[in-house]
Amino acid sequence: MDENKVLWKKCVEFHGHECGGLTIGYKAALYAMKLIDITFSDDEDVVCISENDACGVDAIQVILGCSVGKGNLLFHMTGKQAFSFYNRKNGKAVRLVMKKKPEGMTREESFTYYQTTEPEVMFDVKEAIIKVPERARIFRSVVCECCGEVTAEEYVHLQEGKKLCPDCYKEYRRFNI
26 MDENKVLWKK
36 CVEFHGHECG
46 GLTIGYKAAL
56 YAMKLIDITF
66 SDDEDVVCIS
76 ENDACGVDAI
86 QVILGCSVGK
96 GNLLFHMTGK
106 QAFSFYNRKN
116 GKAVRLVMKK
126 KPEGMTREES
136 FTYYQTTEPE
146 VMFDVKEAII
156 KVPERARIFR
166 SVVCECCGEV
176 TAEEYVHLQE
186 GKKLCPDCYK
196 EYRRFNI
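Counting in the numbering used here, the sequence shown runs from 26 upward without gaps.
Rather than coming from a laboratory, the hints here were simulated on the basis of the structure.
Model, not experiment: these values are computed from the prediction.
Using N, Cα and C, we set each Cβ at its ideal position, and we do this for glycine too.
Hints should not be assumed to be uniformly reliable.
As the list claims (entries may be wrong) - Ranges between beta-carbon positions, derived for each pair: (1) Ala177 / Pro127: 40 to 48 Å; (2) Phe164 / Glu143: 38 to 46 Å; (3) Glu196 / Glu43: 39 to 47 Å; (4) Asp70 / Val150: 14 to 22 Å; (5) Ala79 / Pro191: 21 to 29 Å; (6) Pro191 / Glu145: 38 to 46 Å; (7) Pro191 / Thr137: 42 to 50 Å; (8) Lys35 / Glu178: 35 to 43 Å; (9) Arg162 / Arg132: 38 to 46 Å; (10) Glu145 / Glu170: 50 to 58 Å.
What the hints assert, rightly or not - PhoX-like cross-link-like pairs, simulated, lysine-lysine; straight-line CA separation at most 20 Å: (11) Lys156 / Lys95; (12) Lys105 / Lys156; (13) Lys124 / Lys95; (14) Lys151 / Lys105; (15) Lys117 / Lys156; (16) Lys125 / Lys95.
Model the full assembly from the supplied sequences, consistent with the hints where possible.
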């Protein structure tokens, strides 16, 4: 079986079903591999910043090994079908932005369109606008002095001399700026 068909099957198994959205991420990941010389990442050498939290992100996780827990899958929510990919080893980066598809297609027709269209036709290739993020850090755990739950030090707020988690912290703003 063709290597790409094996990858597609793995993506479908992970995601749970075939759909146009999964295909978008599948094609983006394969295109990024070609453009910036990346492969599956066991560590943080490959980074993806997705501008959406839709189906395609699942394919990127499967194909490139990017994950939230590992710290190499991040979200910059703009609602766009756009993905920035980074290769820490060679310094290359690319932002793939989905082009508008032909109008008036049914869901099935859209799926077929995405499955049969080459990535070069589906995506505009642009310069990554966000610089490559630093590697993931491990933060100390701090006990909230209000609810007693443990939170990462990075998220703790100081209020009235107490260390508070984001849920217990009461934001104070006199101006909405």
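Quick rundown of the hints versus the structure:
1. Distance hint for Ala177 and Pro127: a CB-CB separation of about 46 Å, consistent with the stated range 40 to 48 Å.
2. Between Phe164 and Glu143 the beta carbons are some 43 Å apart, a value that agrees with the proposed interval 38 to 46 Å.
3. Distance hint for Glu196 and Glu43: a CB-CB separation of about 43 Å, consistent with the stated range 39 to 47 Å.
4. A hinted range of 14 to 22 Å holds for the C-beta pair Asp70 and Val150, which are about 21 Å apart.
5. Taking 21 to 29 Å as the suggested C-beta distance range, the pair Ala79 and Pro191 conforms, at roughly 26 Å.
6. Roughly 43 Å separates the CB atoms of Pro191 and Glu145, a value that falls within the hinted 38 to 46 Å.
7. Between Pro191 and Thr137 the beta carbon distance is about 44 Å. The supplied range of 42 to 50 Å therefore holds.
8. Taking 35 to 43 Å as the suggested C-beta distance range, the pair Lys35 and Glu178 conforms, at roughly 37 Å.
9. At roughly 42 Å, the beta carbons of Arg162 and Arg132 sit within the given window of 38 to 46 Å.
10. The hint said 50 to 58 Å for the Cβ distance between Glu145 and Glu170, and at roughly 55 Å that hint holds.
11. Pair hint Lys156 plus Lys95 holds up; C-alpha atoms about 19 Å apart against a cutoff of 20 Å.
12. At most 20 Å may separate the alpha-carbon atoms for a hinted pair to count; Lys105 and Lys156 meet this at roughly 18 Å.
13. Under the criterion of a C-alpha separation no larger than 20 Å, the hint pairing Lys124 with Lys95 is inconsistent with the structure, at around 30 Å.
14. Taking the CA atoms of Lys151 and Lys105, the gap is near 14 Å; set against the 20 Å cutoff, the hint holds.
15. Between Lys117 and Lys156 the CA atoms are separated by roughly 11 Å; this keeps the pair inside 20 Å, and the hint holds.
16. For the proposed pair Lys125 and Lys95, the alpha carbon gap of about 32 Å is over 20 Å, so the pair is violated.
Of the numbered hints listed earlier, those contradicted by the structure are 13 and 16.
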